[in-house]
Amino acid sequence: IGEIMAYEMSKALTYSVKQVQTPLGTATASTHDDKIVIATVFRAGLPLHTGFLNMFDHADNAFVSAFRFYKDDEHRIVDVHIEYIAAPSLNDRTLLLVDPMLATGESMELAWKAFLTKGKPAKLQMACVIASQQGVAHMAELFPGDDVTLWCAAIDPVLDEHKYIVPGLGDAGDLSFGEKL
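Using UniProt numbering, you'd call the opening residue of the sequence shown number 1 and step up by one each time.
Be aware that a few hints might be false.
When the alpha-carbon atoms are kept at most 30 Å apart in a straight line, the in silico DSSO-like pairs for lysine-lysine are as follows [what the hints assert, rightly or not]:
(1) K35 - K120
(2) K118 - K35
(3) K113 - K18
(4) K123 - K35
(5) K11 - K118
(6) K11 - K35
(7) K35 - K163
(8) K18 - K123
(9) K123 - K11
(10) K35 - K18
(11) K163 - K113
The following label-pair restraints were derived from C-beta to C-beta distances [said to hold, decoys possible]:
(12) H58 - N91: 27 to 37 Å
(13) F143 - S16: 24 to 34 Å
(14) Q21 - E161: 55 to 65 Å
(15) G25 - H162: 57 to 67 Å
(16) Q21 - V136: 38 to 48 Å
(17) A12 - N54: 29 to 39 Å
(18) K113 - N61: 13 to 23 Å
(19) L116 - T50: 22 to 32 Å
(20) N54 - T22: 19 to 29 Å
(21) P88 - S16: 33 to 43 Å
Note that these hints are calculated values from the structure, not bench results. Even glycine gets a Cβ: it sits at the ideal position worked out from N, Cα and C.
Sequences are here, hints too, so could you generate the full structure?
Below, the structure is given as structure tokens:
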């Protein structure tokens, strides 16, 4: 799905005609002008990130680690913490911030703020496979009137008491890499 979403997002990039070298000569082709950085949140975002990297194979990469911290025994009050960031300079770059799930929007917001410590991107495009209506509303509130696009394959109606998207698909990181201990 990352490759399909990246293909669709590529339609929003800026293109110009250039001469490109092929194995047998030179050809004229439209190529994107954007200096792309693909960013994601460890570990759940890695499969989606890989799909984007397959399409934008010359892009730079950026990563943050985030984890959910439950403040109560019933796992109803959730906090998100960012602990690690690795990114090139983002100044005047096109940042593609990809994460499979957009539940409350807190992880995406904190990732965005962490990446801003590495520079101010010229453009921001966000992608998620499944979003909640609450997460979409949070992004709209965070970026009012900004030239930011949120690409979603599906938007589900609600979050449960543990802040999981319903019907959703569960914990994307656990589904990809196994349950955490």
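Hint-by-hint comparison with the structure:
1. K35 - K120: Judged against 30 Å, a Cα distance of about 13 Å means the pair holds.
2. K118 - K35: Holds - the C-alpha atoms of K35 and K118 are around 15 Å apart, at most 30 Å.
3. K113 - K18: violated, 35 Å
4. K123 - K35: Status holds; Cα separation ~10 Å.
5. K11 - K118: holds, 26 Å
6. K11 - K35: holds, 15 Å
7. K35 - K163: violated, 35 Å
8. K18 - K123: holds, 22 Å
9. K123 - K11: Holds, at about 14 Å.
10. K35 - K18: Holds: K35 and K18 sit about 15 Å apart, inside 30 Å.
11. K163 - K113: With a Cα-Cα distance of about 21 Å, the restraint between K163 and K113 holds, given a limit of 30 Å.
12. H58 - N91: 27 to 37 Å: With a Cβ separation near 18 Å, H58 and N91 fall outside 27 to 37 Å, so the hint is violated.
13. F143 - S16: 24 to 34 Å: holds, 27 Å
14. Q21 - E161: 55 to 65 Å: With Cβ atoms ~57 Å apart, the hint holds.
15. G25 - H162: 57 to 67 Å: holds, 58 Å
16. Q21 - V136: 38 to 48 Å: holds, 43 Å
17. A12 - N54: 29 to 39 Å: violated, 18 Å
18. K113 - N61: 13 to 23 Å: Since K113 and N61 have Cβ atoms about 19 Å apart, the given range 13 to 23 Å holds.
19. L116 - T50: 22 to 32 Å: With Cβ atoms ~24 Å apart, the hint holds.
20. N54 - T22: 19 to 29 Å: holds, 20 Å
21. P88 - S16: 33 to 43 Å: Once the Cβ atoms are compared, 23 Å apart, the range 33 to 43 Å for S16 and P88 is violated.
Hints 3, 7, 12, 17 and 21 from the list above are not met by this structure, while the remaining hints are.
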